[in-house]
Amino acid sequence: GAVVSQHPSWVICKSGTSVKIECRSLDFQATTMFWYRQFPKQSLMLMATSNEGSKATYEQGVEKDKFLINHASLTLSTLTVTSAHPEDSSFYICSGETRGETQYFGPGTRLLVL
Amino acid sequence: SQQGEEDPQALSIQEGENATMNCSYKTSINNLQWYRQNSGRGLVHLILIRSNEREKHSGRLRVTLDTSKKSSSLLITASRAADTASYFCATDVWWSEKLVFGKGTKLTVNP
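As you go down the protein sequences, you meet chains P and D in turn. No gaps in the numbering here: position 52 of the first sequence is 52 in this note's numbering, and each next residue is one more. No gaps in the numbering here: position 50 of the second sequence is 50 in this note's numbering, and each next residue is one more.
For the record, the hints were derived by calculation from the structure and aren't laboratory data. Any given hint could be a false lead.
With a Cα cut of at most 30 Å, we get these calculated BS3-like pairs of lysine-lysine [unchecked claim]:
#1 Lys20/P x Lys26/D
#2 Lys55/P x Lys69/D
#3 Lys66/P x Lys70/D
#4 Lys106/D x Lys55/P
#5 Lys66/P x Lys55/P
#6 Lys14/P x Lys55/P
#7 Lys69/D x Lys26/D
#8 Lys64/P x Lys69/D
#9 Lys41/P x Lys64/P
Please read these numbers as outputs of a predicted model, since none were measured by experiment.
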């Protein structure tokens with residue numbers, strides 16, 4: 001099956017710093033990548049949809065200036081959490097979409113902001 | 001809202017028993033998918049069922065879809081301890097590639 005990787009798998013940072021999370025599709029080209037956030041014991045909530053070479057589309061309530069998404073190639077998308085605060089602590093999961101309807105998910109990145 | 005709702009929220013069974021989880025949604029859909037998430041890990045795609053399909057099998061998994069009731073069920077037969085995980089349904093509509101996830105069912109299979 002299609003494989004998506006994320007790096008780092010976990011990160012601890014100080015409040016006010018920026019954190020970049022990478023999402024790579026390893027064996028397929030993902031024209032669309034998605035970023036989700038999951039708080040403990042809750043479901044995944046879509047943050048934004050990213051199409052290669054164009055600006056990301058953010059879901060309502062997600063600050064585009066705080067969560068910067070770049071999808072520069074068909075195999076790489078990055079999410080940068082700028083000026084992170086403790087309330088941004090969460091589990092961030094990306095997915096890539098190949099032909100058809102199935103999204104393949106990365107293993108997730110756990111972010112803890114102190 | 002299109003969001004799915006799974007029930008039960010939590011299910012605890014013995015190894016070898018069958019586990020049934022249900023998912024209901026609110027609007028017409030294009031596809032419904034089931035995913036598994038082990039604790040603190042990413043999601044693993046299990047099965048996709050299209051709106052014009054009623055039942056699908058994959059190994060020990062059986063998924064049904066009733067579009068008239070806007071509901072789906074996931075049956076895991078002969079469960080194993082390794083099946084312990086959270087299971088989510090996710091729906092999409094024909095005019096959007098976005099997936100909307102339900103709240104999930106936490107399944108515990110006791111050895």
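Verification of the supplied hints:
For the given pair, Lys20/P sits about 36 Å from Lys26/D by alpha-carbon distance, which is inconsistent with the 30 Å threshold. With a C-alpha separation of about 38 Å, the suggested pair Lys55/P and Lys69/D falls outside the 30 Å cut-off, and the hint is violated. The hinted pair formed by Lys66/P and Lys70/D fails the criterion: a straight-line CA distance of about 36 Å is larger than 30 Å. With a C-alpha separation of about 36 Å, the suggested pairing of Lys106/D with Lys55/P is violated against the 30 Å cut-off.
Proximity of Lys66/P to Lys55/P is assessed by CA-CA distance (about 14 Å); at most 30 Å being required, the pair is judged to hold. Between Lys14/P and Lys55/P the CA atoms are separated by roughly 28 Å; this keeps the pair inside 30 Å, and the hint holds. Straight-line distance between C-alpha atoms of Lys69/D and Lys26/D comes to about 9 Å, which keeps the hinted pair within the 30 Å bound. Between Lys64/P and Lys69/D, the direct Cα distance comes to roughly 37 Å. Violation of the 30 Å bound is thereby established for this hinted pair.
With a C-alpha separation of about 25 Å, the suggested pair Lys41/P and Lys64/P falls inside the 30 Å cut-off, and the hint holds.
Violation of the numbered hints given earlier is confined to hints 1, 2, 3, 4 and 8; the remaining hints are satisfied by the structure.
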